[in-house]
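**Q** Spelled out, the chains give:
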Amino acid sequence: MNAVDGSDHYTKTSDEPPPSLLTIILDTNPHAWALLSPTLPLSAAIANLLVFVNAHLAFNNANRVAIIASHTQRAEFLYPLPAQETSSHTNGSAPQNGFDNDVEMADDGEPTVPPLSDDANHYRPFRLIQTTLLTALTTLLKTTPPSSLTPTTSIAGALTLALTYINKTTLSLSTTTSSTAPNADTTLAAETAPPALNPRILILSVSGDLAHQYIPIMNTIFACQRLSIPIDIAKIAGDTVFLQQASDATRGTYIKLDHPRGLLQYLMMGFLPDQTNRKYLVPPTAVGVDFRAACFCHRKVVDVGFVCSICLSIFCSPPEGAICLTCGTHLQLGEYGGKPVVVARKKKKRKNVEDGKGKDAT
Amino acid sequence: MSTSSLRSFEYLEGLPGTTFNRLYKQPSTALAIFRRMLPHLAKSFVMALLYISRPMPVTDLEAWVRPDGRLERDNAIDLLERLHILTATTKPGKPRAYTLTNPFAASLRLALTGGGTHKSFGVPSNISDDDHITIPELDEFARRQWEGVLGYMVGSTGIDLANNGVELSPGVQHLLKQGGLVETRGRRVEITQDGFAFILQEVNAQVWTMLILYLQNAEALNMDEVDVLSFLFTLGSLELGLPYSKANLTPTQSQMLLDLGDFGIIHQTTPTSSHFHPTRLATTLTSDSNGLRSSSLASSSDTTKGGFIVIETNYRIYAYTSSTLQIAILQLFTRLITRYPNMVAGKITRESIRRAVSMGITSDQIISYLTTHAHPQMLKKQPILPATVVDQIRLWQLEGDRMKATPGYLFKDFNTQGDFEGLCRYAEEIGVLVWKSEGQRKFFVTRHEQVAAYLRNQARRG
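These protein sequence lines are chains A and B, in that order. Numbered per the working numbering, the first sequence spans residues 1 to 362. Numbered per the working numbering, the second sequence spans residues 1001 to 1462.
Some hints could be false.
Claimed, not checked - Derived pair list, reagent style DMTMM-like, types lysine to aspartate or glutamate, alpha-carbon separation capped at 20 angstroms:
#1 A:279 / B:1062
#2 B:1177 / B:1259
#3 A:279 / A:303
#4 A:279 / B:1072
As the list claims (entries may be wrong) - So, partial list: chain B residues that the calculated Cβ filter (under 8 angstroms) puts toward chain A:
#5 1015
#6 1034
#7 1040
#8 1041
#9 1047
#10 1062
#11 1063
#12 1113
#13 1116
#14 1117
#15 1118
#16 1119
#17 1237
#18 1239
#19 1241
To be verified - In silico negatives: residues of chain A with every beta carbon more than 10 angstroms from chain B:
#20 17
#21 44
#22 130
#23 150
#24 151
#25 212
#26 248
#27 259
#28 273
#29 291
Note that these hints are calculated values from the structure, not bench results. For every residue, glycine included, the Cβ atom is placed at its ideal position computed from N, Cα and C.
The whole structure should be built from the sequences, with the hints applied where relevant.
**A** What follows is the structure in C-alpha cells.
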C-alpha cells in the first residue's frame, strides 16, 4: 500500500525453483524380482519407472535423471552410460573384480548413445532414456553369471555411485552458471548462493538383509545428511532396517508399498514432488522408524549391544580379550561376565555406568 | 513460474474452451503447457491425478497440502481451472472431486509413454552431410536475425548502430507496428513504451511476446490459431541441431516456417528445401529462463555466457560485452564513460534515469533488465542487485510520476459489514487486494475469478 515513498526494498530474487537431479537406485536382484513376479514383474516395474522418469523430466527442461542398478554383487550405471574409454575402469571399482571382463565385453559393442529410430510420436529425450535404460538393463542381466546370484544387493555401492554423480553434476553446473573455481568448497558456495541443483536419491528396494553392509550404508547416509540430499525409499518387498533410518536421517520419504501393483501411483504422488514442492505438501512418510543397528563383528541386527567407549563401534557380544576390533583399544569390561546369568540386565547396566571406563550397554 | 511470459498466459487464458479442447489433442502441446505455463505446485497436482482412475475428493487434495501452503494451493488450482486442465465435478451422493479434463490427460499420458500416431514431436529428416548445419552456425543465424529485429527498434532512438546486414522483411515491420511496439511518425520509425518494455525483457520472453503478436495477427491472415499454436509447441519439443522434415506440415504451418525464418526461430537453406532446422530460440521455447541463462543467446558475444553486467553500490556499472546492440540498450539508461575492447564502463546517474523515464521506460523495467543480465558473480549475492542502487533508481523515477494505474475490478454495494470484511480478508490472503475502504464498503482487486468463486461458495453454503 505504501509503495509510493519507495521505502520497501525491492528484493528481486530468482523465484523459479532450481532444477532437480533425481538419482534412482534400482534394486535389480533377480532373486527378489522372481519372487515378486506374480504381483509386479520387473518389466512392469520398469515401464512404471520410465513413466515416472519422464514425468520428472517434464517438470522442468533442466531437470536431470540418473539411474543406477544395485545388482547382486556390483552397482552399475544404467543411465547415463559412462563414457566409452572410462567404462571398464569405473566398473572396476565394483566389489567383485572378477567381473571386469564381462562388463568390458558388454560395453564394447554398445555405442554410448544408441541409435534412435525416427519416431515422431515420442518426445526425443524420453525416447533416449528408454532406449538406453532398456539396453543397459538387458546387458546387465545377460552378463550375470548364475554363480553370483545371492539374495543380497549392493546398495552401499550404488549409494556411493549416486553420491559421486551428484557431486560431479553439482560441480559442473556451478562452474557453468557461476564461475566458481572447481576446487571451491561446495558447502560454502551453497550457503551464499541459491542452490543450482536440487539433488535427491530414490531407492526402489526389493531385497532385504543388508546387515553385512551396515557400515558403508551408514557412512553414505551421513554423507547425504551433510550435503542435505534426501533419500527416498520405495519399499516394494523385503524388510530392511537401515533404509528406514536413511530416509529418516536425511528427511526423505519412506513408503512401504502395500499394493506393489500400484507402483506408478505411489511414485507419482509420493516421490515426484521435489524439495521445492515438499515444503507445501504433507509427506506420506510412516511414523515409526526402526533405529536398530548392526554389530560390527557378526553383522547381526541388535536391539541392545556393546559400544566401544573410544570409537563407538557396536558389538553383539564383548570382543575377544576385551580388545575393540575397530580401534584396538583395550577395554575394561568391569565385572561383566563374572556374574552368573541370573543377574538382571538392569543391574548390569548400572554397574557399567558406575564403572565409567567400561562398556556401556545401549 | 516466470513472469516473463505473462502476456502469453493472459492470451491463452482468454481462449474459449473449445479451442483448448482442440489444442490439447496434441501430446506435444499438452506437454509444453504443462512444462511452461503451470506453477510448480500445480505440476505436482496434475501428476498425482494423472494416473488415478477415480476423481480425487476436494478434501483429500486439501489434506495433502500443508496449512501454510494454502495460498499456493489456491493459486495452482485456480490457474489449472482457468486453463481448462482441472475440473471439479459434483455427483449426487458423492463429495466434490477433482478430475483432469480428458483431452489433456490423455495427451499428457501419451506424451509420457510415447506411442500413437499424432506425429506431434516433429519428423526428423535424413539428409546428406553437406546439407548439415552445425549448432554454432544455427546460433549465429538466430542471433543475427533476432538482433536485427531489436536493432531496428533501438536504432530508431537515434543511437547509431553498426549495420549488421540484416534487412527486416516487410512482414516483420508490419507486425511490430501492429503490436504497438513501434509507430511511424512521418517517415521515421519511433519506438513506443511497449517497445522499450519489450527490449528490456529476456530473450525467451521477447520471443513469446513476438509469437503471441504473430498469433493475434494470424487470424487476420486466415490462419487457424490452433494450428499455429500447436506448431509453436511442437517447435519447443524439437532437438537443436537436427534437421526435420516438412512433409507432415499443414499449409498453414508451411507458411509459418517462412515467417519464423525472418525472426531466426527456424532456419532453412532455401524456402523450397524439404527440411528445416530449429534454432536455439525455438528449442528453448518451452524451457524456463534457467535453461536459457547458460545458452549463448542470452548475451550476444560468443565468449561470455549468460549475464555480463556488474553494478557496484557506488552506481558504477561494468558490462562485459562488445555487442553494439547491448551497448545501445545500456545507453538508454546509463551514462557510458569508457569503452574497452570487451567491456564498457559507465555510471547510473539521476540524469540518465530521468532521460530513460521520459522516454517511457519504467524503473521496474530497468531493474528487471539488470537482474536478468547480471553477471554470474552478481548472481551469487542475495539480493542480486545492490539495494541502494535499486531503491535510488525507483526514487528517481518517483520524482516524476506520482500515480500508478493498476487494471482490476471494484467490488462494492455489500449488504453487511460482515460480508465485506470476510470477502476483503479473503482477497488480501490470496494477494489480489490493491485498495480497500472500510467506510464505503468498497475494495479493489487485480483478479476477480477466485474472489467470485469464493463468493459463490459462500452463497451456496449460506
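**Q** Run every hint past the structure and note whether it holds.
**A** We went through each hint and held it up to the structure:
Restraint check for residue 279 of chain A and residue 1062 of chain B: the C-alpha separation of about 15 angstroms stays at or below 20 angstroms, so the hint holds. With a CA separation close to 16 angstroms, the supplied pair residue 1177 of chain B and residue 1259 of chain B stays within the 20 angstroms bound. Restraint check for residue 279 of chain A and residue 303 of chain A: the C-alpha separation of about 34 angstroms exceeds 20 angstroms, so the hint is violated. A distance of roughly 11 angstroms separates the Cα atoms of residue 279 of chain A and residue 1072 of chain B; the hinted pair therefore holds under the 20 angstroms criterion.
Hint status for residue 1015 of chain B relative to chain A: violated, with the closest Cβ pair at about 22 angstroms, above 8 angstroms. A hinted interface residue such as residue 1034 of chain B counts as satisfied when its beta carbon comes closer than 8 angstroms to some beta carbon of chain A; here the least separation is about 6 angstroms, so the hint holds. The closest approach between the C-beta of residue 1040 of chain B and any C-beta of chain A is roughly 5 angstroms, which is under the 8 angstroms cut-off, so the hint is satisfied. A cut of 8 angstroms between beta carbons decides the hint on residue 1041 of chain B: the least distance to chain A is about 6 angstroms, and the hint holds.
Below 8 angstroms, beta-carbon pairs count as interface contacts, and residue 1047 of chain B has one with chain A at about 5 angstroms; its hint therefore holds. About 10 angstroms separates the beta-carbon of residue 1062 of chain B from the nearest beta-carbon of chain A, more than 8 angstroms, and the hint is not met. The beta carbon of residue 1063 of chain B comes within 7 angstroms of a beta carbon in chain A, closer than 8 angstroms, and the hint placing it at the interface holds. Annotation: residue 1113 of chain B was flagged as interfacial toward chain A, and the flag holds, the nearest CB pair being 6 angstroms apart, inside 8 angstroms.
The beta carbon of residue 1116 of chain B comes within 5 angstroms of a beta carbon in chain A, closer than 8 angstroms, and the hint placing it at the interface holds. Taking 8 angstroms as the C-beta cut-off, the interface hint given for residue 1117 of chain B holds, the closest approach to chain A being about 6 angstroms. Checking residue 1118 of chain B against chain A by beta carbon gives a least distance of about 6 angstroms; that is within 8 angstroms, so the hint holds. The beta carbon of residue 1119 of chain B comes within 4 angstroms of a beta carbon in chain A, closer than 8 angstroms, and the hint placing it at the interface holds.
Checking residue 1237 of chain B against chain A: minimum C-beta separation of about 6 angstroms stays under 8 angstroms; hint holds. Checking residue 1239 of chain B against chain A: minimum C-beta separation of about 5 angstroms stays under 8 angstroms; hint holds. Restraint check, residue 1241 of chain B versus chain A: the minimum CB separation of about 12 angstroms is more than 8 angstroms; hint violated. Taking the minimum C-beta to C-beta distance to chain B, about 5 angstroms, the non-interface status of residue 17 of chain A is violated against the 10 angstroms cut.
No Cβ of chain B approaches the Cβ of residue 44 of chain A within 10 angstroms, the least distance being about 13 angstroms, so the stated non-interface status holds. Remark: the non-interface label on residue 130 of chain A conflicts with the geometry, its nearest Cβ contact in chain B lying 7 angstroms away (cut-off 10 angstroms). Here residue 150 of chain A stays apart from chain B, with its beta-carbon at least about 34 angstroms from theirs, past the 10 angstroms limit. With a least beta-carbon separation of about 32 angstroms from chain B, residue 151 of chain A lies farther than 10 angstroms from that chain, consistent with its non-interface assignment.
Residue-level check passed: residue 212 of chain A sits 37 angstroms from the nearest beta carbon of chain B, beyond 10 angstroms. With a cut of 10 angstroms on Cβ distances, residue 248 of chain A stays outside the contact zone with chain B, its closest approach being about 19 angstroms. Every CB of chain B lies more than 10 angstroms from the CB of residue 259 of chain A, the least distance being 14 angstroms, so the non-interface label holds. The claim that residue 273 of chain A lies off the interface is violated: its Cβ sits roughly 5 angstroms from the closest Cβ of chain B, which falls inside the 10 angstroms cut-off.
The Cβ of residue 291 of chain A sits about 26 angstroms from the closest Cβ of chain B, beyond the 10 angstroms cut-off, so the non-interface label holds.
Of the numbered hints listed earlier, those contradicted by the structure are 3, 5, 10, 19, 20, 22 and 28.
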